[in-house]
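The listed protein sequences correspond, in order, to chains A and B. Those letters in the first sequence? Residues 1 to 190, by my numbering. Those letters in the second sequence? Residues 191 to 380, by my numbering.
It is worth saying that the hints were derived from the structure and are not from the lab. Please note that a few of the clues may not be correct.
What the hints assert, rightly or not - Some, not all, of what chain B presents toward chain A, calculated at C-beta under 7 angstroms:
id : residue
1  : A221
2  : P269
3  : V333
4  : A337
5  : L349
6  : T353
7  : L372
As the list claims (entries may be wrong) - Straight-line C-alpha distance at most 30 angstroms; calculated DSBU-like pairs for lysine-lysine:
id : chain 1 : residue 1 : chain 2 : residue 2
8  : B       : K378      : A       : K188
9  : B       : K312      : B       : K231
10 : B       : K241      : A       : K122
11 : B       : K312      : B       : K241
12 : B       : K231      : B       : K241
13 : B       : K312      : A       : K51
14 : A       : K51       : A       : K122
15 : A       : K122      : B       : K378
16 : A       : K51       : A       : K41
17 : A       : K188      : B       : K312
18 : A       : K122      : B       : K231
19 : A       : K41       : A       : K122
Ideal Cβ positions, reconstructed from N, Cα and C, are used throughout, including at glycine.
There are 2 protein chains.
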Amino acid sequence: MSRWEPNARERLQQAALDLFVERGYESTAVAEIAERAGLAKSTFFRHFRDKREVLFGGGELLGELFTTGVAQAPGDATPLAMVGAALEAVQAAFPAERRDWVRQRTAVVQANDELRERELLKAASLVEVLVRALRERGVAEPVARLAAALGYQAFPAALARWTEPGERREFAELARQELARLHAAVAKLG
Amino acid sequence: MSRWEPNARERLQQAALDLFVERGYESTAVAEIAERAGLAKSTFFRHFRDKREVLFGGGELLGELFTTGVAQAPGDATPLAMVGAALEAVQAAFPAERRDWVRQRTAVVQANDELRERELLKAASLVEVLVRALRERGVAEPVARLAAALGYQAFPAALARWTEPGERREFAELARQELARLHAAVAKLG
Numbered sequence: 001m002s003r004w005e006p007n008a009r010e011r012l013q014q015a016a017l018d019l020f021v022e023r024g025y026e027s028t029a030v031a032e033i034a035e036r037a038g039l040a041k042s043t044f045f046r047h048f049r050d051k052r053e054v055l056f057g058g059g060e061l062l063g064e065l066f067t068t069g070v071a072q073a074p075g076d077a078t079p080l081a082m083v084g085a086a087l088e089a090v091q092a093a094f095p096a097e098r099r100d101w102v103r104q105r106t107a108v109v110q111a112n113d114e115l116r117e118r119e120l121l122k123a124a125s126l127v128e129v130l131v132r133a134l135r136e137r138g139v140a141e142p143v144a145r146l147a148a149a150l151g152y153q154a155f156p157a158a159l160a161r162w163t164e165p166g167e168r169r170e171f172a173e174l175a176r177q178e179l180a181r182l183h184a185a186v187a188k189l190g
Numbered sequence: 191m192s193r194w195e196p197n198a199r200e201r202l203q204q205a206a207l208d209l210f211v212e213r214g215y216e217s218t219a220v221a222e223i224a225e226r227a228g229l230a231k232s233t234f235f236r237h238f239r240d241k242r243e244v245l246f247g248g249g250e251l252l253g254e255l256f257t258t259g260v261a262q263a264p265g266d267a268t269p270l271a272m273v274g275a276a277l278e279a280v281q282a283a284f285p286a287e288r289r290d291w292v293r294q295r296t297a298v299v300q301a302n303d304e305l306r307e308r309e310l311l312k313a314a315s316l317v318e319v320l321v322r323a324l325r326e327r328g329v330a331e332p333v334a335r336l337a338a339a340l341g342y343q344a345f346p347a348a349l350a351r352w353t354e355p356g357e358r359r360e361f362a363e364l365a366r367q368e369l370a371r372l373h374a375a376v377a378k379l380g
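Input sequences plus hints: build the corresponding full structure.
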């Protein structure tokens, strides 16, 4: 946004998480986040609409990555392989240096009912994004919905493993494992 | 609740839905619902905690029916058969005379963002109820979660069909069909 404030977005995100962990989400004001990051409050609002956006602003990026991943899967990909491609694509949002931040974010969201509700709603809308992307590729209902549901069970499971202390594997590798695990479970439904 | 007000709960539910459809959910006050039902406002609050409860008060019953259905499935039932038993049990909440009410309720919920969000949250918590019931029956993760997700795709689909104008089949029959349709779709995941 501004060349005068290098990494402003990341600094604000880190300051926000640190404060949320220290004082709780509710008790932290935007002004305090900006101050902790050594930036102006107006800079905060150039990067985030509001305090919640620090935690949920990545949802749009995830949706775009899911969509791109499905669209770029090979022509003969099965519905589940398309979902696998979506999860591979989403790795771009989870470089190794984000592990600590994502772990902290999860803890903050889980500790607050309102944030957990918001997370559920975000998940529901990302499932719809996946369903639409699969429909675009010619996958019919209810297979598209089912494949998307599997993808969205693999996603948080892989993310939880990726942020475990000491874990060094890439997100995409863990996502592949989780999806394979779900695929194997499908055979046990009866 | 009171022997002096026969069917008070049903009368209040019907009056509420009529008003929500006529004026919108937001523009309807509890006092107006009671008045339309020919009952006192205090009677409303003996049956419902607040206005929203008229639409969402059935969630607890659904959860209990799901749990009972899974618990009472035969000893050799597959995970999917247990989910089928849960959907059969839930039929008790949908007698034929509730068709119109359920159809109206769906329309009101879909027309209001806040209510749609509440419905999503309720759905998420009912999925958790199903997962717990399946775990109690010895179904391991992630099979339990997968089976519950299938059940909660079949449930709204069956309910939508059950409330279609002219539909006369029982909810359980439609739920069985939807679950079978999903089961067939599983084979196409790849």
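Do the hints match the structure? See the list:
1. Look at B/A221: its Cβ only gets to about 29 angstroms from chain A, farther than 7 angstroms, so that hint breaks.
2. Satisfaction of the interface hint for B/P269 is found here, the shortest Cβ-Cβ separation to chain A being roughly 5 angstroms, below the 7 angstroms cut-off.
3. Annotation: interface hint on B/V333 holds; nearest CB of chain A at approximately 5 angstroms, less than 7 angstroms.
4. For B/A337, the interface hint holds, the least distance from its beta-carbon to any beta-carbon of chain A being 6 angstroms, beneath 7 angstroms.
5. Interface restraint check: B/L349 against chain A, minimum CB-CB distance 15 angstroms, threshold 7 angstroms, status violated.
6. Hint on B/T353 is violated. Least Cβ distance to chain A is approximately 19 angstroms, over the 7 angstroms limit.
7. Because the smallest distance between the Cβ of B/L372 and any Cβ of chain A comes to about 6 angstroms, under 7 angstroms, the interface hint for this residue holds.
8. Straight-line distance between C-alpha atoms of B/K378 and A/K188 comes to about 15 angstroms, which keeps the hinted pair within the 30 angstroms bound.
9. A hinted pair counts as satisfied when its Cα atoms are at most 30 angstroms apart, and B/K312 with B/K231 qualifies at roughly 26 angstroms.
10. Restraint check: the Cα-Cα separation between B/K241 and A/K122 comes to about 26 angstroms, which is no more than 30 angstroms; the hinted pair holds.
11. Restraint check for B/K312 and B/K241: satisfied, since their Cα atoms lie roughly 16 angstroms apart, inside the 30 angstroms limit.
12. Distance hint between B/K231 and B/K241 is fulfilled; the C-alpha atoms sit about 11 angstroms from each other, no more than 30 angstroms.
13. Straight-line distance between C-alpha atoms of B/K312 and A/K51 comes to about 26 angstroms, which keeps the hinted pair within the 30 angstroms bound.
14. Only pairs whose Cα atoms come within 30 angstroms are accepted, and A/K51 paired with A/K122 is accepted, the gap being roughly 16 angstroms.
15. With a C-alpha separation of about 27 angstroms, the suggested pair A/K122 and B/K378 falls inside the 30 angstroms cut-off, and the hint holds.
16. A hinted pair counts as satisfied when its Cα atoms are at most 30 angstroms apart, and A/K51 with A/K41 qualifies at roughly 11 angstroms.
17. Pair hint A/K188 plus B/K312 holds up; C-alpha atoms about 27 angstroms apart against a cutoff of 30 angstroms.
18. Restraint check for A/K122 and B/K231: not satisfied, since their Cα atoms lie roughly 37 angstroms apart, outside the 30 angstroms limit.
19. Restraint check: the Cα-Cα separation between A/K41 and A/K122 comes to about 26 angstroms, which is no more than 30 angstroms; the hinted pair holds.
Violated hints, in rising order: 1, 5, 6 and 18; the structure is consistent with all others.
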